[in-house]
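All chains, please: the whole structure from these sequences, using the hints.
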Amino acid sequence: MARVAQRAPWVSAIGWGAARFLPIGLLLAAWELLSHSGAVTPFMLPSIEAVVARIARDAGTGELAVNLGLTLYRSLLGFAIAAVAGIALGLFISRSAVVRWFFDPVISVGFPMPKIAFLPIVVLWLGFYDVSRITMVVSDAIFPVVTATIAGIQGVEREVLWSARNLGASERRLQWEIVLPAALPQILTGLQVALPIALIVDIVAEMIMGGYGIGGAMATASRFADSRGVFAGLVEIAIVGFCLVKAMMLVRRRLLLWHPEALDAANG
Amino acid sequence: MKAFVRYSPLLLIALAWEISSRLGLVSTLTLPALSDVVAAWFDLAKSGDLVANAATSLWRGSIGLLLSIFVGGALGIGMAWWRPLNVLLGPLVELFYPMPKSALIPVTVLWLGFGDGSKILLIFLGCMLPVTIGAFNGARGCDRMLVWSVRSMGASRVRALWDVVLPSAAPELLNGIRSALALTFVLLVSSELIQARSGLGYLIGFLGGGGVYDAMFAVVLTVALLGFLADRLYLVAMRRVLIWRE
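Chains as they are written, first to last, in the working numbering: chain Z, 89 to 356; chain E, 4 to 249.
None of these hints come from the bench; they were simulated from the model.
Keep in mind the model is a prediction, meaning the values are calculated, not measured.
All C-beta atoms in this analysis are idealised placements derived from N, C-alpha and C, irrespective of residue type, glycine included.
Hints should not be assumed to be uniformly reliable.
Which chain Z residues stay away from chain E? Per the calculated CB distances, all over 10 Å, these [what the hints assert, rightly or not]:
hint: 1; residue: S125
hint: 2; residue: A144
hint: 3; residue: D290
Listed next, the in silico SDA-like pairs over lysine to any residue satisfying Cα-Cα at most 25 Å (straight line) [stated by the list, open to error]:
hint: 4; chain 1: E; residue 1: K5; chain 2: Z; residue 2: I112
hint: 5; chain 1: Z; residue 1: K334; chain 2: E; residue 2: S182
hint: 6; chain 1: E; residue 1: K5; chain 2: Z; residue 2: D192
hint: 7; chain 1: E; residue 1: K5; chain 2: E; residue 2: L18
hint: 8; chain 1: E; residue 1: K5; chain 2: Z; residue 2: V186
hint: 9; chain 1: E; residue 1: K5; chain 2: Z; residue 2: T235
hint: 10; chain 1: E; residue 1: K5; chain 2: Z; residue 2: S184
hint: 11; chain 1: Z; residue 1: K334; chain 2: E; residue 2: R181
hint: 12; chain 1: Z; residue 1: K334; chain 2: E; residue 2: L18
hint: 13; chain 1: Z; residue 1: K334; chain 2: E; residue 2: N89
hint: 14; chain 1: E; residue 1: K5; chain 2: Z; residue 2: A185
hint: 15; chain 1: E; residue 1: K5; chain 2: Z; residue 2: G198
hint: 16; chain 1: Z; residue 1: K334; chain 2: Z; residue 2: S184
hint: 17; chain 1: Z; residue 1: K334; chain 2: E; residue 2: L128
hint: 18; chain 1: Z; residue 1: K334; chain 2: E; residue 2: K5
hint: 19; chain 1: E; residue 1: K5; chain 2: Z; residue 2: A147
hint: 20; chain 1: E; residue 1: K5; chain 2: Z; residue 2: V194
hint: 21; chain 1: Z; residue 1: K334; chain 2: E; residue 2: G93
hint: 22; chain 1: E; residue 1: K5; chain 2: Z; residue 2: V187
hint: 23; chain 1: Z; residue 1: K334; chain 2: E; residue 2: V90
hint: 24; chain 1: Z; residue 1: K334; chain 2: E; residue 2: F99
hint: 25; chain 1: E; residue 1: K5; chain 2: Z; residue 2: S182
hint: 26; chain 1: E; residue 1: K5; chain 2: Z; residue 2: W189
hint: 27; chain 1: E; residue 1: K5; chain 2: Z; residue 2: F191
As structure tokens, this is what we get:
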């Protein structure tokens, strides 16, 4: 920041704030111009006001609230289950050789697999209900959490563990007060990877299985060649994704206030 | 022997699967025996359905991924190298990166229909940003001192970009490509399951719709295995490329 110190700091702050919104404004202007230019049909690219009107209409009828609520409920519940189960599994794998023997190959083979291909099998077993969608979300989102937890626990400094034991900490307190907090930065990184995955998988599951939810609504709109509905869904889900990822970053900053990384962020 | 002990849990799972459906612990309607699935796989492979659809899927996936690597990599390095590009594109990358990429599936179908084009466009758009961010972070972390040194020794800007910035961006760029590779399979299979007339995803949906579950399991396992193998091959190649780091 030394380079811009000649100007008052708030001037450059406003300048950079404007610079951040300028590209987004340009993109919206390009969208609007293109959709009115006649170069593309309104079917391929509906104008912004048509899409906004569509979102407003859905909001008025309550459809938006239902779809948004269902999508958020499925993906966030799946994410929460994946987070809790993933951290627990990571802890068990780090602590017990038998558990590690069993899960190590399962994870190293299962992580890179496109688990979405199993969706028809899960539907066959569990039916066209939320439990199938949530199962898919959990089965995809759990992998980054488990691997991040294991890596985080491996990175805990031995000396810290030794001193805590030396001071008489029980195994239980050791896990809760030393190991988990020390592994927290990496666990949070794993959760930050898992959150967008949860959304991606939930949207796909909704599209394939149909029904309510933003993905389901987009699939229906696409089937009836209702391009405004498709673009309305795209805008809605882009906003949801952006807000969730930002919220996750805030959670990280709050939970890691004590960590050197928070100091770096404050200074840089 | 070591590999056997390491991977024995997978064998145990396969064995448990076979026994539970042979003994009738679960209905073979919902879980066909593993041996039946393997037999169905050979039938599918002999009939040519599997190979033809796999070729279609792999073609779509590799073209889309290659496009995203070239465009995304160039964008990321460009953004790190030339500030105005970063000011212009940075906010857009930040805005679109968290978007669940699968939401693009119906949009690409609107634009390009049900064929190869829509899948390639989807994979290109979906995979571009992870590559861009990897390239950007890698190139930004490049030691400025090294760039200044080669420039002072008479290297052109392009030369410095090629010989210094690109190699130092390589580790993060290659990691970005690895997540793009995983995403390719996810987007490919799901778009083919939703709207397609060919490809492995379509085959899964087709067989499942017809109730031929042993064949459907065979294709699902094929897709899973292809995704796993692609990742392992990529890891081996990546270690070779990065061998100078150790």
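We went through each hint and held it up to the structure:
1. S125: It holds; S125 (chain Z) is separated from chain E by about 16 Å at its closest Cβ, greater than 10 Å.
2. A144: Per Cβ check, A144 (chain Z) is outside 10 Å of chain E; nearest 20 Å; holds.
3. D290: violated (8 Å)
4. E:K5 x Z:I112: Not satisfied, since the Cα-Cα distance of roughly 55 Å exceeds 25 Å.
5. Z:K334 x E:S182: Roughly 21 Å between the alpha carbons, so the hint for K334 (chain Z) and S182 (chain E) holds.
6. E:K5 x Z:D192: Measuring from Cα to Cα gives roughly 14 Å; hence the hint holds.
7. E:K5 x E:L18: holds (20 Å)
8. E:K5 x Z:V186: The given pair, whose Cα atoms are some 16 Å apart, holds under the 25 Å limit.
9. E:K5 x Z:T235: holds (22 Å)
10. E:K5 x Z:S184: holds (19 Å)
11. Z:K334 x E:R181: Roughly 24 Å between the alpha carbons, so the hint for K334 (chain Z) and R181 (chain E) holds.
12. Z:K334 x E:L18: Not OK: K334 (chain Z) and L18 (chain E) at ~45 Å, beyond 25 Å, violated.
13. Z:K334 x E:N89: Between K334 (chain Z) and N89 (chain E) the Cα gap is close to 20 Å, so the pair holds against 25 Å.
14. E:K5 x Z:A185: Roughly 16 Å between the alpha carbons, so the hint for K5 (chain E) and A185 (chain Z) holds.
15. E:K5 x Z:G198: Holds: K5 (chain E) and G198 (chain Z) sit about 20 Å apart, inside 25 Å.
16. Z:K334 x Z:S184: violated (36 Å)
17. Z:K334 x E:L128: Judged against 25 Å, a Cα distance of about 22 Å means the pair holds.
18. Z:K334 x E:K5: violated (44 Å)
19. E:K5 x Z:A147: At roughly 59 Å apart (the allowed maximum being 25 Å), A147 (chain Z) and K5 (chain E) break the hint.
20. E:K5 x Z:V194: holds (16 Å)
21. Z:K334 x E:G93: Cα-Cα ~16 Å, so holds.
22. E:K5 x Z:V187: Holds, at about 18 Å.
23. Z:K334 x E:V90: holds (20 Å)
24. Z:K334 x E:F99: It holds: about 12 Å lies between the C-alpha atoms, which stays within 25 Å.
25. E:K5 x Z:S182: Between K5 (chain E) and S182 (chain Z) the Cα gap is close to 20 Å, so the pair holds against 25 Å.
26. E:K5 x Z:W189: holds (12 Å)
27. E:K5 x Z:F191: holds (16 Å)
In terms of the numbered hints stated before, the structure departs from hints 3, 4, 12, 16, 18 and 19, listed from lowest to highest.
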